[in-house]
Amino acid sequence: MTALTDLSLTDAQRLLKNGDISAVELVKAYLKAIEDAAILNCYVTICQDKAIEQAKQSDLRLSQGNARPLEGIPIGVKDVFCTKNVETTACSKILKGFIPPYESTVTQKLWDAGAIMLGKLNHDEFAMGSSTEYSCFGPVISPVRKNGETTAHVAGGSSGGSSASVAARLCLAATATDTGGSIRQPASLTGTVGIKPTYGLCSRYGIVAFASSLDQAGIITHTVEDSAAMLTQMVGYDHKDSTSLATTTPEYHTHLSKDVSQLRVGIPKEYTSSDMLPAIQRMWEETADMLAHQGAKIVEVSLPHTHYALPTYYVVALAEASSNLARYDGIRYGNNISNSTQLIQRYRENRAQFGEEVKRRIFLGTFVLSAKYYDAYYIKAQKVRRLIRDDFNTAFEKVDVLLTPTTSGAAFALGEKLDDPVAMYLNDLFTVPVNMAGLPAISFPMGKDSAGLPLGMQLIGKPLGEQTILNTAYFLEDARGKIPKLHPWWLNNTSKGM
Amino acid sequence: MSFDKKTIMHVAHLSNIDLPEDKIGEYTDKLSHVMTFIETLNEVDIEGIEPMTSVLDLELPLRKDEVTEGNIVTDILLNAPEKNDDYFVVPKIIE
Chain D
1 MTALTDLSLT DAQRLLKNGD ISAVELVKAY LKAIEDAAIL NCYVTICQDK
51 AIEQAKQSDL RLSQGNARPL EGIPIGVKDV FCTKNVETTA CSKILKGFIP
101 PYESTVTQKL WDAGAIMLGK LNHDEFAMGS STEYSCFGPV ISPVRKNGET
151 TAHVAGGSSG GSSASVAARL CLAATATDTG GSIRQPASLT GTVGIKPTYG
201 LCSRYGIVAF ASSLDQAGII THTVEDSAAM LTQMVGYDHK DSTSLATTTP
251 EYHTHLSKDV SQLRVGIPKE YTSSDMLPAI QRMWEETADM LAHQGAKIVE
301 VSLPHTHYAL PTYYVVALAE ASSNLARYDG IRYGNNISNS TQLIQRYREN
351 RAQFGEEVKR RIFLGTFVLS AKYYDAYYIK AQKVRRLIRD DFNTAFEKVD
401 VLLTPTTSGA AFALGEKLDD PVAMYLNDLF TVPVNMAGLP AISFPMGKDS
451 AGLPLGMQLI GKPLGEQTIL NTAYFLEDAR GKIPKLHPWW LNNTSKGM
Chain E
1001 MSFDKKTIMH VAHLSNIDLP EDKIGEYTDK LSHVMTFIET LNEVDIEGIE
1051 PMTSVLDLEL PLRKDEVTEG NIVTDILLNA PEKNDDYFVV PKIIE
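As you go down the protein sequences, you meet chains D and E in turn.
Each step along the first sequence adds one to the number in this note's numbering, with nothing skipped, and position 132 is 132.
To convert, count from 1 in the second sequence and add 1000; that's this note's numbering.
It cannot be assumed that every hint is accurate.
Negatives, chain D to chain E, calculated, CB over 10 Å [claimed, not checked]: (1) Asp-6; (2) Ser-261; (3) Ala-292; (4) Tyr-308; (5) Phe-412.
Covered stretches of chain D (in silico footprint by chain E; criterion: 3 or more residues with CB under 8 Å from a CB of chain E, positions within the stretch not fixed) [as the list claims (entries may be wrong)]: (6) 17-26; (7) 85-96; (8) 330-342; (9) 381-392; (10) 417-430.
These aren't lab readings, by the way, just hints derived from the structure by calculation.
Where is the CB? At the ideal position from N, CA and C, for every residue including glycine.
Next comes chain D alone, as it looks inside the complex:
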């Protein structure tokens, strides 16, 4: 028999509706799995009592025939989403103990749809990082390792707790955020599916801000169908977010189609590089072939400013971050560690609680916004950002989607890139341009490297092209075939074991 935690979200929905399983037993199975996987460090808060209480209510609704779309579905929530009365830290010392008096719009929508919160998930402090090693709770350990080896690898970042908890089956889905690749890169490194919707589709209200013109919420799941089912409940106009899109969206999961015969697929030539892993290059070609075999038209396109997307991103994102993070002073909320009788000195001591990477980013952002350098760096980057967006507009005159690898390499070992910020930033080479242009994109597993580490492909869509990228990924996921279950090595390392 399949363990309860091996189900996909869509399977669990069906079994719950038929009364074959109860929400309470499903939630309890996940709580046990979370406890047994403590070594992976995915969860920073576990909401045991609240989750069981919610599951009882879901079972009641299910038995009464008034179940909501995600009734009884246990999920994890990245700790940047404010959750009312549940500590929300952004994995930063400065927010330790912060209990939000309100709920983020995206999580509220999920609770209104019947989903159940198992707990809050680890990530890089303020979502700044690509490995979840910059968390004040310590790094996430990926459930994925090289064949026959025990070296700990990263689960990607910043949403590393989200990707690892889905991959290790510690929840059915996990909310995440993506400013430069923080959903797609961790999904790629852990063999999971991660979608970042069009900028403005999911409300940013109640999400701890990193870079407001780039931040967007999304979801990490096991399958494309699960992704579509979750996203359907997360999107929608919100008057509390001044950049929310007033648009109607389809029920993505009920409109899924594997028909790609009319699809025009662009291959951006600038994404090929000589140092790309042969396994990734091969996977890319094979994926394009699968689409071509169904009648899709494969077209080479050019995005000439790709090379400049990453430096542009670091100017724009860090400028916005330095401004957004100016609010943390340990006076109105957050962790006050200062006894100083001087106000400014109190700010300075409290703000020194930020981790090293966050401080580096605040310093750089402050620098590019300072009077002397504003035009030379910040305004220039905003101009280059327009050129990057225009490149996509031109490409999308000829194609419906763009197909690229999600990352240029597989997961790396813990600590491997910690000393070199630029090496860490290069992780986001293929994901950052999407955020600069506000486009939707999905990463899904399509291959493995020679050591057995998962590799992801990325589909980039036109603005509001979520259905098209979901459909294309739905076809490719099927063409790829089933992925074998991970061996749960992490169980041997817990005191209780199985």
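We have chain D; now place chain E onto it with these hints.
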């Protein structure tokens, strides 16, 4: 450009972040490295290009200035490290 000690002290001051003397070298090294990376932008021809502040061409929506929800002073103050009645407490700033 490279980040020297003076620059790093200046941005730390602007950011209101205490920076211990023995950490300065590490920051100047790592930030100079990032600046070199950022300066590849100097190669791009941006003549006549307008800066892009948002991907959306929306006008900033305005609402009527009235209390809709919120008005939760007590809840907000629950997170304050130090408070007095309905006020946040800060060190004395006027002599």
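Now the hints, each set against the structure:
1. Asp-6: 39 Å, holds
2. Ser-261: 31 Å, holds
3. Ala-292: 31 Å, holds
4. Tyr-308: For Tyr-308(D), whose nearest Cβ neighbour in chain E is about 6 Å away, the distance does not exceed 10 Å, so it is violated.
5. Phe-412: 19 Å, holds
6. 17-26: violated (count 0)
7. 85-96: violated (count 0)
8. 330-342: Holds, because 10 residues of the stretch 330-342 of chain D bring their Cβ atoms closer than 8 Å to Cβ atoms of chain E.
9. 381-392: holds (count 8)
10. 417-430: holds (count 4)
Checked against the numbered hints given earlier, the structure breaks hints 4, 6 and 7 and satisfies all the rest.
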